[in-house]
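For chain B, the structure is supplied; the task is to place chains G, S and H on it using the hints.
Here are the chains, one letter per residue:
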Amino acid sequence: MKLRYFAWVRERVGRGEEEIALPADIGTVNDLMSWLAGRGEEYAHAFENPKIIRAAIDRNHVRPDTAIAGAQEIAFFPPMTGG
Amino acid sequence: MKLRYFAWVRERVGRGEEEIALPADIGTVNDLMSWLAGRGEEYAHAFENPKIIRAAIDRNHVRPDTAIAGAQEIAFFPPMTGG
Amino acid sequence: MSVIIRLQHEAFDVAAETAALMRGRTDIGALVTFTGICRGAENGDPIVALHLEHFPDMAEAEIARHVDDAQARWPLLGVIVIHRYGRIVPGEDIMMVATASPHRQVAFAAAEFLMDFLKTRAPFWKRVESAGASSWVDAKAEDDAAAQRWDTRDDAAE
Amino acid sequence: MSVIIRLQHEAFDVAAETAALMRGRTDIGALVTFTGICRGAENGDPIVALHLEHFPDMAEAEIARHVDDAQARWPLLGVIVIHRYGRIVPGEDIMMVATASPHRQVAFAAAEFLMDFLKTRAPFWKRVESAGASSWVDAKAEDDAAAQRWDTRDDAAE
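Same order as they appear, the protein sequences are chains B, G, S and H. Residue 50 in my numbering is what sits at position 50 of the first sequence, and the numbering runs on without skipping anything. Residue 18 in my numbering is what sits at position 18 of the second sequence, and the numbering runs on without skipping anything. Residue 136 in my numbering is what sits at position 136 of the third sequence, and the numbering runs on without skipping anything. Residue 108 in my numbering is what sits at position 108 of the fourth sequence, and the numbering runs on without skipping anything.
In isolation and in its complexed conformation, chain B is listed as follows (with noise of 0.2 Å):
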């Protein structure tokens, strides 16, 4: 699975994007954010809020329970600030 970090979630994280072999246990986006704030401090740090974090599956917007079955590419970042 193909992760992917923006603006200071990717600054905490501290990489734009990384490939991971995820827990078969795994069900929701929500999951994977918990799963993901136990991978270390850097990780806990851009988790530490999951309600004001968005995703996106393949490049759609995803609400946080959306299954993750099938995703090629799991994009986490804030709410946008572009225009």
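It cannot be assumed that every hint is accurate.
Below, computed lysine to any residue pairings styled on SDA-like, alpha-carbon distance capped at 20 Å [said to hold, decoys possible]:
| # | chain 1 | residue 1 | chain 2 | residue 2 |
| --- | --- | --- | --- | --- |
| 1 | G | K51 | G | S34 |
| 2 | G | K51 | S | A139 |
| 3 | H | K140 | B | R15 |
Hints were generated in silico from the structure; no laboratory data involved.
Same frame as chain B, now just chains G, S and H:
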């Protein structure tokens, strides 16, 4: 009193402006339109439907029931179509 | 606030006008421009040209009143209103409005406000020149309705 | 319909972009452009530059989805969306939207619709560079509220 006409009101009256000495008993814009309609065929045609004619006194839009006392210049024209 | 109001027969250059408005400023975050263009057909019938008649002094005063009103409603940093008169052929610009503000909602609201009033209150009249005919453009009830949504006081003359 | 969507670091020229959209056409009666400009201060504090980070493929796809949505809602004749990324200094343009239609209400509505979605759904993030500091710009609740006014279906991901 200076009267000015625009668009099809001007075309029907046959001139863009004129100086007219008004009878003293003309109280409102509506009264003036009725009086003008009696000045001949071209005026009757121009003012045959006073409800759709707009008026301005001294370059300010006014309602038909507005008193004309003190006016320097009264303009008559169709609803505007600029922009 | 920087305000430009101009009535002219000559064509105008939207980019040059807005560049002059923005020059040397860093407080403007949002610029909205509206350009009204002469279409090649009215109600499905091809046209040769539009002829715009106007009431010069009143048009300028009426536009200035609405620009003042827009300034009173929103924190605007700049406004441009340019309206042409005379003969205008399809594809040519008829008029433009530009509004500048720190934020986008203000710039959009002010531009729509000014357009709604230009359509219904500025003394301009369009006559259509088509092959062998000429007719005045009728006012649209939807333009009156659009202008009325901004009314908070009962001071409309219509 | 003519659609241009571009993400680029380089500056763009609003006049050249809209001229290309209008060229040779006489069906467009209304053109609305919005330009977002980098201000010299954020919340009263002077800034040196904005840094715009983006998610390239998703940004382009997300903008295209909203342009499609706008086309489904309104009779548009042309849409331009250009958004810059990278370092942008005060006074420079950040992004532009242009919408062309036969009539003004459609052009205004579509431009506001696209702006509201660009603010809240297009994957761009602004970081402020100021003297000796750097901080990410917070999303604004008012932008979410502005985007939600267009929601007719319950398919928002937030």
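Which numbered conditions among the earlier hints are violated in the structure presented, ordered from lowest to highest?
3
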